[in-house]
Amino acid sequence: MELIDLTLIWVLLIGFGVFMYVLMDGFDLGVGILFPFAPDEESRDLMMNSVAPVWDGNETWLILGGAGLLAAFPMIYAVFLPALYIGVFLLLAGLIFRGVAFEFRFKATTGKKWWNVAFFGGSTVASFAQGAVIGSYVQGFNVVDGRYVGGAFDWLTPFTLMTGLGVVAGYALLGVTWTIMKTEGKTQDWAFKLAPKLLGVVLLFFVLVSAWTPLTNERVMARWFDHVNWLWLFPATTLIFAAWVFYKLKQRSDIAPFIGSMILFSMFYLGILISMWPLAVPPNYTFWDAASDPGSQLFLLIGFMFLIPIVLGYTAWTYWVFRGKVTAGAGYAGH
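Here our numbering is used: the first residue of the sequence shown is 1, the next is one more, and so on.
It cannot be assumed that every hint is accurate.
Said to hold, decoys possible - With a cut-off of at most 20 angstroms between alpha-carbon atoms, the simulated EDC-like pairs for lysine to aspartate or glutamate come out as follows:
| no. | residue 1 | residue 2 |
| --- | --- | --- |
| 1 | LYS186 | GLU41 |
| 2 | LYS107 | GLU42 |
| 3 | LYS186 | ASP254 |
| 4 | LYS250 | ASP189 |
| 5 | LYS250 | GLU184 |
| 6 | LYS113 | GLU103 |
| 7 | LYS325 | GLU218 |
| 8 | LYS248 | GLU184 |
| 9 | LYS197 | ASP254 |
| 10 | LYS107 | ASP40 |
| 11 | LYS193 | ASP56 |
| 12 | LYS113 | ASP254 |
| 13 | LYS193 | ASP40 |
| 14 | LYS193 | ASP254 |
| 15 | LYS325 | GLU42 |
| 16 | LYS248 | ASP189 |
| 17 | LYS325 | ASP189 |
| 18 | LYS112 | ASP189 |
| 19 | LYS186 | ASP56 |
| 20 | LYS113 | GLU41 |
| 21 | LYS107 | ASP56 |
| 22 | LYS113 | ASP189 |
| 23 | LYS325 | ASP254 |
| 24 | LYS186 | ASP40 |
| 25 | LYS325 | GLU41 |
| 26 | LYS112 | GLU41 |
| 27 | LYS325 | ASP40 |
If you're looking for bench data, these hints aren't it; they were derived computationally from the structure.
Could you build the full structure based on these sequences and the hints that come with them?
See below:
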């Protein structure tokens, strides 16, 4: 019973960490994805300034979730890293390019356009890699006796290409609604025009993924279609919130579209978890199979109990300090 309790606690902790990362780093990756389509260089300055104070703090959740995953579920690491080595490399390379672009773009006197490319390329590649990893998790891994025995490119399939593009579109939606919330004038007008189109693209991917996922995984097919159940409330609620976001965009609401977009992502996230639960390494290994020794879980859990409130505290403080609209000449660009 002790092992089950600790494993459940760790599932909740890591799930929370990944959830926070997806929501919080998702919108600043989305800003990068939108960079080439901004009206002009001044708008790009505003967009980058809007996320400059918070982007590196957002990535804390990725480190927190990754460290917890290694400690609590080493089997996931043992399978995912060799199976997704190239995808993880692309993810990290994209995040590095995005981070370097933050530091150098405003200091560049020549070649600024290349830092724009680095910011866009890094954000897009990192987002696509995250979506492909999710798709790989849904379709499962070729595992024998707890070891990955597949090829280096088994993760790259039409399904994972679709999930990768879906996450790119979803992060772009978060980015454009964040831009609406944080900017004014022509930049905000551009974002208001683009947001409904991105919402339509995201809903298209939502329908495609919802229809394709059960065909990819028999367990998911059984969970959703073997009998009538309450799970269908999730896609129904998702469509309701999508309609609400569209309505708020037409009303030119500043804050509501961003909140609604985050709720949409929350529904997508919960839908995947419910579909795959309790599998940690599909198609055969549950979180309990992948869990580390109870002593290791307990030792690290004590540290996490102190760490998570600190991270939540400084994250909330940062967003409070940098609340409000971004104006030209302020923030990173002013240094």
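query = Is LYS112 close enough to ASP189, meaning Cα to Cα at most 20 angstroms?
reply = This hinted pair is violated, its Cα atoms lying about 25 angstroms apart.
query = When you check the alpha-carbon spacing of LYS107 and ASP56, does it fall within 20 angstroms?
reply = Cα-Cα ~18 angstroms, so holds.
inquiry  = So if I understand the rule, the pair passes when the alpha-carbon distance is 20 angstroms or less; does LYS248 with GLU184 pass?
reply    = Within the cut-off at roughly 17 angstroms; holds.
task = Assess, step by step, whether the Cα of LYS186 is no farther than 20 angstroms from the Cα of ASP56, and give holds or violated.
result = violated, 27 angstroms
task = Measure nothing beyond the straight line between the CA atoms of LYS113 and GLU103; if it is 20 angstroms or shorter, mark the hint as holding.
result = holds, 14 angstroms
ask   = Are the Cα atoms of LYS325 and ASP189 separated by 20 angstroms or less?
value = holds, 14 angstroms
message = Hint check: LYS107 vs ASP40, CA-CA at most 20 angstroms. Holds or violated?
response = holds, 18 angstroms
message = Would the hint linking LYS113 and GLU41 be met if the CA-CA limit is 20 angstroms?
response = holds, 9 angstroms
request  = Below or equal to 20 angstroms on CA atoms is what counts here, so check LYS113 against ASP189.
outcome  = violated, 23 angstroms
Agreement of LYS325 and GLU42 with the hint, judged by alpha carbon distance not exceeding 20 angstroms = holds, 15 angstroms
inquiry  = Does ASP254 sit within 20 angstroms of LYS186, going by the straight-line distance between their CA atoms?
reply    = holds, 14 angstroms
ask   = Are the Cα atoms of LYS193 and ASP254 separated by 20 angstroms or less?
value = Answer holds: LYS193 to ASP254 is near 13 angstroms, not above 20 angstroms.
Checked against the numbered hints given earlier, this structure breaks hints 7, 11, 12, 18, 19, 22; the rest are met.
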